[in-house]
Amino acid sequence: MRIEKHPILDFRRGKKIAFTFNGEKEEGYEGDTIAAALHAAGVKVLGRSLFLHRPRGFYCAIGNCSSCLMTVNGVANVKTCVTELEEGMVVETQEGKGVIV
Amino acid sequence: MKEAELVIIGGGPAGLCAAVSAAKSGARVCIVERNKALGGQLVKQTHMFFGSEKQYASTRGIDITGILLGELDKYKENIEILTETTVVGMYEDGAITVLHREDNYYKIKPKAVVVATGAFEKALAFPNNDLPGIYGAGAVQTLMNVHGVKPGNRVLMVGAGNIGLIVSYQLLQAGVEVAAILDAAPKIGGYLVHASKIRRMGVPILTSHTVKEAIGENYLEKAVVCQVDEKFQPVEGTEKEFDVDVMCISVGLTPLNELLAMRGCQMKYVPQLSGFVPLRNENYETTIENIFAAGDTTGVEEASSAMVEGYLAGLCAAAKIGCRPDNFGERKNDYVKQLNDLRSGPVGRHILAGIEQIVI
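Protein sequence lines, in the order shown, are assigned to chains A and B.
In this text, residue positions in the first sequence follow the numbering used here: the first is 1065, and each later residue adds one.
In this text, residue positions in the second sequence follow the numbering used here: the first is 5, and each later residue adds one.
These are calculated hints, taken from the structure and not from any lab test.
All values reported here derive from a predicted model rather than from experimental measurement.
Glycine included, each C-beta is placed from N, C-alpha and C at the ideal position.
Any given hint could be a false lead.
Stated by the list, open to error - Result set (EDC-like, lysine to aspartate or glutamate): computed pairs, CA atoms no more than 20 angstroms apart in a straight line:
#	chain 1	residue 1	chain 2	residue 2
1	B	Lys28	B	Asp77
2	B	Lys111	B	Glu88
3	B	Lys40	A	Glu1148
4	B	Lys40	A	Glu1088
5	A	Lys1069	A	Glu1088
6	A	Lys1161	B	Glu106
7	B	Lys324	B	Glu360
8	B	Lys40	B	Glu106
9	A	Lys1069	B	Glu181
10	B	Lys244	B	Glu234
11	B	Lys6	B	Glu84
12	B	Lys40	A	Glu1156
13	B	Lys216	B	Glu262
14	B	Lys40	A	Glu1151
15	B	Lys113	B	Asp97
16	B	Lys111	B	Asp134
17	B	Lys58	B	Asp345
18	A	Lys1161	B	Glu96
19	B	Lys6	B	Asp134
20	B	Lys115	B	Asp134
21	B	Lys341	B	Glu286
What the hints assert, rightly or not - Cβ-to-Cβ under 8 angstroms is the rule here; a few derived chain B residues that face chain A:
#	residue
22	Ala41
23	Glu125
24	Pro131
25	Asp134
26	Leu135
27	Tyr139
28	Gly140
29	Met148
30	Lys154
31	Arg158
32	Ala183
33	Thr211
34	Ser212
35	Thr214
36	Asn344
37	Ser348
Stated by the list, open to error - Pairwise CB distance ranges (calculated):
#	chain 1	residue 1	chain 2	residue 2	range
38	A	Leu1114	B	Glu84	53 to 59 angstroms
39	B	Leu73	A	Arg1066	32 to 38 angstroms
40	B	Glu88	A	Val1163	32 to 38 angstroms
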């Protein structure tokens, strides 16, 4: 799902970054946001809605709408669409509102 | 508590221009930007701009950021840049509270503020509109043009305004199929030059059409669209199905200005400006002294006018706190003329009808 050839843009990808999503090993590139790396890996469902548990993906991709909240390294409600991926990150779908640590 | 002369909230086109303009007048400026990099939404705009040379027409949005940062660099001794810093409150004593990254929370006390927080994408109501795979058109633009990731394989674009048309073209450039573009209006809203280009590439544009429902279990698998009558009501028996894994919602933006509202600036709902906007004077100062606003936060328009509004608000805010250059009148007239020129077409007349309702 990565764009390889583009008429205007030249995507110089940084070094590979390993992380886990719900325990599974995934890979992204330096400079990716968590949501972009997950999307490139084919992950569309980032969480579940609070009451009806409907699937949630990102919506705005610029940190406005809170549709992409996940638990990252144990911290709940991280806006994954604007948070950069880091080596070894533990990314998890969040059930409920999350707990403030 | 950090002291500052002029704080500019938002480092997009309006904020950057406000910073350049105020620093040029001699004010000490502090830009507060929530993202890691400056540029706002210019960083994803690979298309060339319209307008005139002064607003960088024929230059791609992605390159305008570089030009503005170059301008900023000329006045760097007067400009401080705080990135990854979000303004979370503005208070009656003039203090603003900010959060840097996740744990560094502090106050800034400026003499004046220019709020240039932009706008955000609207959603559209239809059954299952919350399924993953349904994204704002701008979100898809960010995913493709900033992160180099395709949103999916086949897209239905909802909205034939300029953003819908431009993002459709950019999807094709990225090698993604666009099944169709819909618009509930009987006519294409965006520039015909964009629409013709996309039609030539074989993408149908269905006017007087809307989304009836989205179908999918965990993410979008199918979209049902239908025709609407002149009262925008669905016409029975006109349903069509599209096998798409992505739907882009491009039904306009609405100003992002909760900070102004929470601070107590008088706000008004103005349809022509796409939502609640602050009342302001001709210097872009709101109903609270020394709080200025510029760009989409004062009414959704275009990046070109946001830049000029930024220059104007930056000039006036600097003058208000004692940095009034000798050529103040000349510079102000130039910016006002540029805005009038940008608003001389039919879309501009619509915007002006909105502005009339908020200038006090």
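A quick look at each hint next to the structure:
Distance hint between B:Lys28 and B:Asp77 is fulfilled; the C-alpha atoms sit about 11 angstroms from each other, no more than 20 angstroms. Of the supplied pair hints, the one linking B:Lys111 and B:Glu88 holds, its CA atoms being roughly 15 angstroms apart against a limit of 20 angstroms. Using a Cα cut-off of 20 angstroms, the hinted pair B:Lys40 and A:Glu1148 holds, with the two alpha carbons roughly 10 angstroms apart. With a CA separation close to 28 angstroms, the supplied pair B:Lys40 and A:Glu1088 exceeds the 20 angstroms bound.
Proposed proximity of A:Lys1069 and A:Glu1088 is contradicted: the alpha carbons are some 29 angstroms apart, above 20 angstroms. At roughly 18 angstroms between alpha-carbon atoms, A:Lys1161 and B:Glu106 fall within 20 angstroms of each other, so this suggested pair holds. With a C-alpha separation of about 23 angstroms, the suggested pair B:Lys324 and B:Glu360 falls outside the 20 angstroms cut-off, and the hint is violated. Proximity of B:Lys40 to B:Glu106 is assessed by CA-CA distance (about 13 angstroms); at most 20 angstroms being required, the pair is judged to hold.
Restraint check for A:Lys1069 and B:Glu181: satisfied, since their Cα atoms lie roughly 15 angstroms apart, inside the 20 angstroms limit. Restraint check for B:Lys244 and B:Glu234: the C-alpha separation of about 19 angstroms stays at or below 20 angstroms, so the hint holds. Of the supplied pair hints, the one linking B:Lys6 and B:Glu84 holds, its CA atoms being roughly 12 angstroms apart against a limit of 20 angstroms. For a cut-off of 20 angstroms, the pair hint linking B:Lys40 to A:Glu1156 is broken: about 23 angstroms separates their Cα positions.
Taken as a hint, the B:Lys216 and B:Glu262 pair is broken in the structure, with Cα atoms around 32 angstroms apart against an allowance of 20 angstroms. Using a Cα cut-off of 20 angstroms, the hinted pair B:Lys40 and A:Glu1151 holds, with the two alpha carbons roughly 18 angstroms apart. Annotation: proposed proximity of B:Lys113 to B:Asp97 holds, straight-line Cα distance about 9 angstroms (limit 20 angstroms). Restraint check: the Cα-Cα separation between B:Lys111 and B:Asp134 comes to about 37 angstroms, which exceeds 20 angstroms; the hinted pair is violated.
Taken as a hint, the B:Lys58 and B:Asp345 pair is honoured in the structure, with Cα atoms around 11 angstroms apart against an allowance of 20 angstroms. About 32 angstroms separates the Cα atoms of A:Lys1161 and B:Glu96, which puts this hinted pair outside 20 angstroms; it is violated. Of the supplied pair hints, the one linking B:Lys6 and B:Asp134 is violated, its CA atoms being roughly 42 angstroms apart against a limit of 20 angstroms. Between B:Lys115 and B:Asp134 the CA atoms are separated by roughly 43 angstroms; this puts the pair beyond 20 angstroms, and the hint is violated.
Distance restraint check for B:Lys341 and B:Glu286: the Cα-Cα separation of roughly 13 angstroms lies within the 20 angstroms cut-off, and the hinted pair is therefore satisfied. Among the interface hints, the one on B:Ala41 is violated; its C-beta lies about 11 angstroms from the nearest C-beta in chain A, farther than the 8 angstroms criterion. Contact between B:Glu125 and chain A, as hinted, is supported at the beta carbon level, the nearest pair being about 6 angstroms apart and thus within 8 angstroms. A least Cβ separation of about 12 angstroms between B:Pro131 and chain A goes past the 8 angstroms threshold, and the interface hint is therefore violated.
For B:Asp134, the shortest C-beta to C-beta distance to chain A is roughly 6 angstroms, which falls under 8 angstroms, so the interface hint holds. A cut of 8 angstroms between beta carbons decides the hint on B:Leu135: the least distance to chain A is about 7 angstroms, and the hint holds. For the restraint placing B:Tyr139 at the interface with chain A, the shortest Cβ-Cβ distance is roughly 6 angstroms, inside the 8 angstroms limit, so the hint holds. Evaluation of the B:Gly140 hint against chain A yields a held restraint, the C-beta minimum of about 5 angstroms falling below 8 angstroms.
Nearest Cβ of chain A to the Cβ of B:Met148: about 6 angstroms, under the 8 angstroms cut. The hint holds. For the restraint placing B:Lys154 at the interface with chain A, the shortest Cβ-Cβ distance is roughly 5 angstroms, inside the 8 angstroms limit, so the hint holds. Annotation: B:Arg158 was flagged as interfacial toward chain A, and the flag is violated, the nearest CB pair being 13 angstroms apart, outside 8 angstroms. At a threshold of 8 angstroms, the smallest CB-CB gap from B:Ala183 to chain A is about 18 angstroms, leaving the interface hint violated.
With a least beta-carbon distance of about 25 angstroms to chain A, the hint placing B:Thr211 at the interface is violated under the 8 angstroms criterion. The restraint placing B:Ser212 at the interface with chain A is violated, with a minimum CB-CB distance near 26 angstroms, outside the 8 angstroms limit. Annotation: B:Thr214 was flagged as interfacial toward chain A, and the flag is violated, the nearest CB pair being 19 angstroms apart, outside 8 angstroms. Using the Cβ-Cβ criterion of 8 angstroms, the hint placing B:Asn344 at the interface with chain A is not satisfied: the shortest such distance is roughly 31 angstroms.
This hint is violated: B:Ser348 has a C-beta 30 angstroms from the nearest C-beta of chain A, more than the 8 angstroms allowed. Our hint of 53 to 59 angstroms for A:Leu1114 and B:Glu84 is violated, since their Cβ atoms are close to 40 angstroms apart. Between B:Leu73 and A:Arg1066 the CB atoms are about 27 angstroms apart, so this pair departs from the stated range of 32 to 38 angstroms. Between B:Glu88 and A:Val1163 the beta carbon distance is about 25 angstroms. The supplied range of 32 to 38 angstroms is therefore violated.
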